[in-house]
Structures are given as C-alpha cells and as structure tokens.
Amino acid sequence: MVIEGRYEIDGVPPERVFAGLGDPAILARSIPGCRELADSGDDTYELVIEAGVGAIRGTYAGQVKIGERRPHDLYEAALRAAGSAGSVEASMRAELLPRGGGTTVAYWLDAKLAGAIAGVGQRVLSGASRKNATAFLDALSKELVAGNPSSPDSEGGAEAPTVAPPTAEEPDAPRVYGGRSASAGTDTRSFSRGVVVGFALSAATFTIAAVLDRIRGRR
Amino acid sequence: VTTRLIGERIQRREDVAFVTGAGQFLDDIEPRGCVHAAFVRSRLAHARIRDIDISAALDVSGLIAIYTHDDLGAVDKPLPLGIPNPGLHHPRTQYPLAHDETHFVGQPIALVVATTRAIAEDIVDRILVDYEPLPVAANVDAAERADALVHADVPGNLAAELSETVGDPDAVFRSAPHVVSRRLWVERGAAMPLETRGVLADWDHVAEELTVWDSTQSPNTIRLGLAGTFQLKEHSVEVIAPDVGGGFGVKIAYFYPEEVLIPFASIELRRPVKWVEDRREHFIGSNHERGQLHEARMACDDDGRILAMEDKFLQDSGAFVPYGVIIPIVTMARLPGPYKVPAFHFEAKIFYTNTVPVTPYRGAGQPEAVFVTERLVDAIADELGLDKAEVRRRNFIGPDEYPYEPGTTDEDGEPTTYDSGNLPAVLEKCLELVRAGDFEQDRVAAEARGMKLGFGLGAYVEITGGELYEGSRVQVQPSGKVFVTTGIGTQGQGHKTVLAQIAAETLGVPMADVEVVTGDTRQFKWATGTFASRIGVIGGNAVANATTKVREKVLKLAAAVLEAAEEDLTIEDGLVFVEGSPRPNISLMELAVLANPLRVAYDEKALAASQFASKPVPAMEILGEPGLEASGYFAPHKPAYANGCHAAVVEIDPGTYEMRIVRYAAVHDCGKVINPTLVEGQMFGGIAQGIGGAFYEKLHYDDDGQLMNASFMDYLIPYTTEVPEMAVGHVETPSPLNPLGLKGAGEAGVMPPAAVLVGAIEDALGVPIDEAPLSPDRLFELAQAERRPG
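Protein chains in written order, with this note's numbering: chain A, 1 to 219; chain B, 1 to 790.
Wrong hints could be hidden among the right ones.
[As the list claims (entries may be wrong)] Computed far set for chain B versus chain A, every beta-carbon distance over 12 Å:
1. ASP27
2. ALA74
3. ASP703
[Unchecked claim] Ranges of calculated distance between the beta carbons of each label pair, as one might list FRET restraints:
4. A:GLY22 x B:LEU81: 51 to 59 Å
5. A:ASP43 x B:GLN231: 57 to 65 Å
6. B:LYS312 x A:GLY22: 54 to 62 Å
7. B:ALA22 x A:GLN63: 40 to 48 Å
[Stated by the list, open to error] Heads up, incomplete: computed chain A residues facing chain B, CB under 8 Å, no partners named:
8. ALA61
9. SER84
10. GLY86
11. SER87
12. LYS112
13. ALA114
14. ALA116
15. ALA118
16. GLY119
Hint data in this document are derived by calculation from the structure and do not stem from the laboratory.
Since we're looking at a predicted model, the values are computed, not measured.
Every residue, glycine too, gets a C-beta built ideally from N, C-alpha and C.
Let the sequences and hints guide you as you build the complete structure.
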C-alpha cells in the first residue's frame, strides 16, 4: 500500500525540520508509542515500539535504516519491524519544501503489513490513520518550535522516559533515546482508545496510514 | 390408527438444552490432566522458511512441547486428497505442519502444547520464524497471469480444468435471434459458524485406545482416517462430535491439519490435549468458499425460450485442494438449473492462489450457478421486454417431464437426473406470497415518496440426499424407551427431532419414548457424514428401514404372546393390539423384556421373561436373536433433487443508496416434508446467509495475500436486524427415489438470495449489476459509472 500526504509546519524552515528528522532524541519523543530508539551506527536505528489496534496489541522490535538524505529537502528511510501481532516493512520518503517561513512536508510511504495486524482493525486504521499521520508531525513540529534539546541526558521532564539510558559500564553500548510512553502525553486518549494507528507509520517516521483508503475505494 | 408425526409441526427437542446453556460443546469438555494447544501460523502468504527459532520459548513456565514438521514422524505426510476427479490434474494438499515453504497466511508451521491456552499463545509469540518472502498470487487474476507460482511444480497455477458440452452451442449462438451475455463475479465468503472448530484427543496408553472429540460434521470418517494414520485397530479409535454450533460445510473437510496433530500430540504426550480455534484463527485457518468469475451468455428465440448457454469461469481454489475441486464441479452441474437448455458449453479453470483453501460452504458451488443462470434469465427478460416470471414459465421443465436429464454430470460422475418436481406450482405460489400483483402499484407509491422499488425473482434446483449411505440401530429397551442411534454428526439442524418423528411414527410409539443419539462412533460405527442436504433423506430412510425390521420382530413376538395372527395386530402408542373387540394388548416394554430370556429375574417384569415364568415365551425360537433390535441402512441409488423459487421487493433510497428488503418470499419443494417448522428454519437461516452473500460478506485479500478483514468488526454478517420477515411456503412433490418420498432442505435457502436481490436492485435502478456483495457505497459507484457517458 502506498500512502501520500502533506503536512505544514509553520515557522520552522526546512533546514530545522531536516535536522529534527535526523535527530534520534527528537524522533524518539515524537514517534507515538516509541519505547526506545537506539543508534547502532551506520545510519541505522534499532527501535522498540508499543502499538496495538483493538485487541491486537504488542511490542514490536525493528530497525530503521536511513536512506538517501539531501540537505535540506529530501529524506528517505526504510523500516522492518516484527512483533507477536505481525510484521511490517515500509519505505518512506519525505520532501521538505519551503513555504513562507515554514515547511511543507510531502511524504510518501509504502508499507506492507503481515499477520494479525494486517487482518484486524483495518477499519479503525482507516478512520484514524490520517489523524495519526499528523500526530507524529504535530509532535515533531512542537519539538522544533519549542527548540527542545536533543541530548538524551537532558530528558525526563514532563514526559518521563520509559527506557533507561545506556549503562556506563558498557562504553560501546548504543546511545539509547527514551520515547514517550504510549499511555502518557497529549495523545493519551487516542492511544487508550485503542486507536494506535500503525506502528509502522510511526516507526518509519511518518504514519503508515492505511491500506484502507485504497481498499475502501475498491469496495 | 397410528399417530401422524411425519409432516407435523413438532417442536425441536434440542432447544431446551441450548437455550438454557446445557449444551455440551467441545470447549465444555475437559478431561482431568488436559493440556492445551496453539499454533504458529504463517504470517506471509508465500515464503520460504529459513529458520524456526524456539530458543526464546524454552524457558516459559508451562511449556510442554513444541513440534515442527521434523517431529511428526509417520504423520509428516501430505493430508489426504478428498474426491479426486480426472479433471484435477495437479492435486496438492498440505503437510500438517509446513515444511520449508508456506503457501497462505494462516498455514500451521508449529504446534505448541502448554498447560493453558494462554501460555501456549505466549509461547507461540516467542517462536521466531525467519521467512524469505516469495512472489504471491493472491487472486485468480494474479494466478492466471502466473508471474508468481503458488506451487513451483504446478505450471500456470492451474489445478484443474473441467468442461461439459451438449449439442452444438456455437452454431446456435451464431444463428440465434437474441444473445445476452454477462461477466459475473461471486465474491469469496465463508460459513462462519457460531462455534469455531476444535479438537480434543485423549490417548489411553495402557489400553491403546484413542478417543477424540471433534466439532466435525463427519465423526466416522475422522475415526477411520485416524485409525489409518496411526495404524490403530478401527475399534480402538472412537470419535465423538458433541453438540456442534453450526457446520455449514466448513467442518467437513477431512482432515484439517489440527485433526491429525492434536491426536498426534495426545499420543506422544500420553495425556489429553485440546485445541479450540479462536475466531481470528478461524478466518485464516478454516476453509473459505465461493470466489468465481464467470463469462456467461445465453441465446434465446423471440419468445424468450433458451436455445443455448455458455459459461467460462475461473475458480479461486486457494492454496490447496483438500476436498478436490467439488465446488466448480457442482457449479457446472447446476448451471442449467430448472430450465430446459438444449445446448450448452461450460468450462472451468481452477487456480491455486496463496489464500486459504476453498471447500464447500452451504450450497457448495450452487449459489454461484444460480447467480449466473438467474442473471442471464433476467437479461433475457430485459432484452425482450418480458415479465421475469413469464420468461421462467416458458423455460421451466414441465411437471410431466421427469425424470429429466439436463445433460450435466453430478459430482459422483453420473449423469444428473432430476427425479421429480413441479416448478410452475412453486413459482405461482411464490408470486402469490410476495404479492407480485401489487408490485406495480407499490412501485408508483414508492416513487411518490422519492424511493425506488425493484422486483427480483430466482428459481433453482438443489442436489440433495445423494452419495453412499447412512445407517441406524433401533432398539426397544426393557424400559419401553426406544433408542435410535446413528453415526451422523449433527450441527443444530434438528436431526434428533426429525429422526424421532420418523422412528415414532413408523414403529408406533409415542415420540416422547424415542431417544436419538447422533455423532458418537461408540454408539454406531457405520456412517458417511452430514453434508449436501442428505441426512433427512438418507438418515431418515435408514431409521425407517430399521424400525420396519423392529416392527416385524414386535409383531412376531406379540402374535405368539397374544395367540393371534400377525395380520390381526396393530401397534399404537407403544401397545400391540389384536384388532376386534375386545382388544387384548401387550406393551412394547413387556415384549422387550420377553425378547431377552433371562436366568435371573431381577424384577417383576424380568420374571415374565425368565425361564421360570408360568408361561414361558420361546423368544429365541421365534426371533432367532435376542432383543427387539435391528439395524437398517439406506443407500440412495441417485440423489433426490429439490427445487424452489424466491422473490423479493427491494426499496432503494436514491440519495443514499441504502437498500431495504420490503418483502421476501420463498417456496421450496423438498418432497414430503417431515416437519414444516424445521424446513422453514432451514430456509430462514439459509436466506439469512444468502443475504450476507448479497450485501455484506466479502473476504478481502490484498495483493500480498493478507486477509485484511479477519474479524467480525470488518467481515460483516447480517444480524437479525438485516434479515427481513419472510413468507415461506411448501410444495410437496414426493421423491420416487426413497420410501418416505423425501428430498433435502439444508442448502436451498442460501442459493438464490444474491441473484434475487441483485436482480431487484437492478430492476429498481436500471443499472446493470454483475457482482455480489453490494454495499451502498459500491452501488453508488456503479450508478455513477453508469451515468457517466462512454
């Protein structure tokens, strides 16, 4: 399935949006349900996300690999993640276009869902996907507008990190960035309603919006 | 005079237990020490399995065993192929657990046994399967293109090809004054019984006996299959189908993987193992049906008489063919339907796809055929400006033309022969029940309210009561109770009621004295199974054959006791009378005691039978064997063909395309009706499922072979709120093929609704519709497309 969308970020120029997309600390806090995002070098991040649709909930572990990056207007990434409720593979591309003092993010996502997650809750996905597609970008733009720091060490204010920082005894341990608990923060209600739309979306950085639009069109 | 029970509206005796929660379904049964199973199922539609990593599962407390195909020993072989047919040139069935390749989402890969189902599921989550995705053919279009092969050794994904030709249809089509053609799509759907599948196996290692409870439609077939699979003596395996919450065909497939694997695990572990499918598993682990694309046409003369028919169709058969290709075979046999079609050519291509296998669901290919034929007959009516009923009248097989051979071939390879029927009477009664005469007036009134009204009509023939045999043992017990046992499985149809009616009337006892046992191979070991609308016909006549033999014994013994001639005896309400006045009599209870001579008199009644009785009756000399007991069988020579007609008036809101069924009428001819209430129940339920197929039910696979609506949240089935009041009627044309004159009634209800309702919608809107199901938004799209020029 291919999903396309546009999102306007007012007051933040493409340079800063681009920087934000490349900042794992900001990403970790912006991706809904993100438990953990660990930089394993080589433009690759290991990530753990909690997500669910209806009764199909679970923890997904996977990998985001950053693809082509062209400062400050193009950003590509690929995701693979799997959990008990299924798996996702997605590739994503975002173009950043200046618009006044702000940025228009034009995103394109191709995601493949498999397993229970693919079979259950498509209707929920369809209803909520557009909204949730913007949840990430809302969070990201808030981060950028607020000019929040990127260091993982300075976290722990309003949004308690749910993952411990790397231990000092392991010098080679990846830097781990805490995410925002699925049950905390401004999106609480939609999460607790079970409308956690695609973990893939959030994981690939841009919501995975759903297959459903296409399906519905076909029915 | 014997009390009439056959044909009466007797209340179902099953229902008190069901409505009070006293039913015993598979999941209600849990032997001591029972452990539970869950399956790792493929999450990809087509993949190579590179590795199955169980290391993360091993430390889970409660784990008992994990099996992959390597562990299955002799069981690790492809499951049996049901109903082979010469047209099935590339049959493929699955291994109980996938080897290095999976072919559909849901295919079992590993079996986990744990102390509870919840723990088993947690363990399933911890087993990591490393898949290498392979190209997927998720539908018939993709299968036909054959860019992706479902099975590497099946060229073009083509499992089977079938064809039938009568006369020279091509020549007729070239010269006929009118030809109508349609491209029709019948969506894939599923039976969706309220109770999912389940298996419980209990291996007794000391006695070397296997007892299996299975929510199957064919306990005896499973018993014989398990005995063969595990190399056990036939009498060392017993299969019990307890109360089963609906089957509709999906529980007939012999064997599902779980039906072998759960007994396997029980034997390995020497303890009871239970697996009960959850609903999500059912969507991807239990078979589907329908899914046909037809290119069909009909030629007719200026009066609308059918001259020829042609249908070329594609069948989506799913990834395997455990039940052969019976669906397209039956579809093809049923295409001429109730009409005289002098020339035809039918051909089917049956493709493998990376989806759940396709096996019979109520109707088993017949609803598809009815959809095609009735849409074409409607097209003739349109073409010639004829009334829908009139076109059908002109083409029906006449009541005096039976036995009638439409020229097709039944699933047993024999020529189809309709034994009897009276289609014109069925049609007229149906038109009356739907108040067809009021329709034009109603249409005008609806227009005034801004609504569109449409009229739909559809007729069908239904194959029933065919194949093999059924049997029954009837015994009058010393308590006076009459035990009727059969080996059939029952899934809510009311077999215990109708078989009791037949036994009571043919034996001459009160129905309350008759107890019927079904679905338990410990009680009766000879049976075929419950499918294809056959139990009333075959099981009913088998019971009647058994009671006839018991009756003969009763009369012989009573004649000796009452010192009368057998011809002078009658049996009424459990008493044998000598005709005349006074009417000396003896009860069947006393005769049952006398029929088993005893050395020990354990009560007053038994004293009468003991060798020390004052007037001993030489029962063994008279009967040659003890007891008032006999087994009877019935093996039909040919299937009995039922038929019927449905009609509907549908109202559509042209603003929203919301559809409402205003009136629905159905008339069925199943020969002699055993119990009108139960036949009507079959019709109501079947029509409800047909309405599901017409408006709601669609299994949506994406191009990657993921089933995207695998829950009742998204796969819609009609509630009672979507099922209208129905007017139903019966026409009784007794079948000459069996002593009771019966025909089946199980599947007819589901056959015409899609054709009738789509026809009515087409009539209301004037928009050609070639598919089902139809949602309001889809209908809106079709109407918009029609409005657009070009």
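Here's how the hints hold up against the structure:
{"no.": "1", "hint": "ASP27", "in the structure": "holds (19 Å)"}
{"no.": "2", "hint": "ALA74", "in the structure": "holds (31 Å)"}
{"no.": "3", "hint": "ASP703", "in the structure": "violated (9 Å)"}
{"no.": "4", "hint": "A:GLY22 x B:LEU81: 51 to 59 Å", "in the structure": "holds (57 Å)"}
{"no.": "5", "hint": "A:ASP43 x B:GLN231: 57 to 65 Å", "in the structure": "holds (59 Å)"}
{"no.": "6", "hint": "B:LYS312 x A:GLY22: 54 to 62 Å", "in the structure": "holds (57 Å)"}
{"no.": "7", "hint": "B:ALA22 x A:GLN63: 40 to 48 Å", "in the structure": "violated (54 Å)"}
{"no.": "8", "hint": "ALA61", "in the structure": "violated (11 Å)"}
{"no.": "9", "hint": "SER84", "in the structure": "holds (4 Å)"}
{"no.": "10", "hint": "GLY86", "in the structure": "holds (6 Å)"}
{"no.": "11", "hint": "SER87", "in the structure": "holds (6 Å)"}
{"no.": "12", "hint": "LYS112", "in the structure": "holds (6 Å)"}
{"no.": "13", "hint": "ALA114", "in the structure": "holds (5 Å)"}
{"no.": "14", "hint": "ALA116", "in the structure": "holds (6 Å)"}
{"no.": "15", "hint": "ALA118", "in the structure": "holds (4 Å)"}
{"no.": "16", "hint": "GLY119", "in the structure": "holds (3 Å)"}
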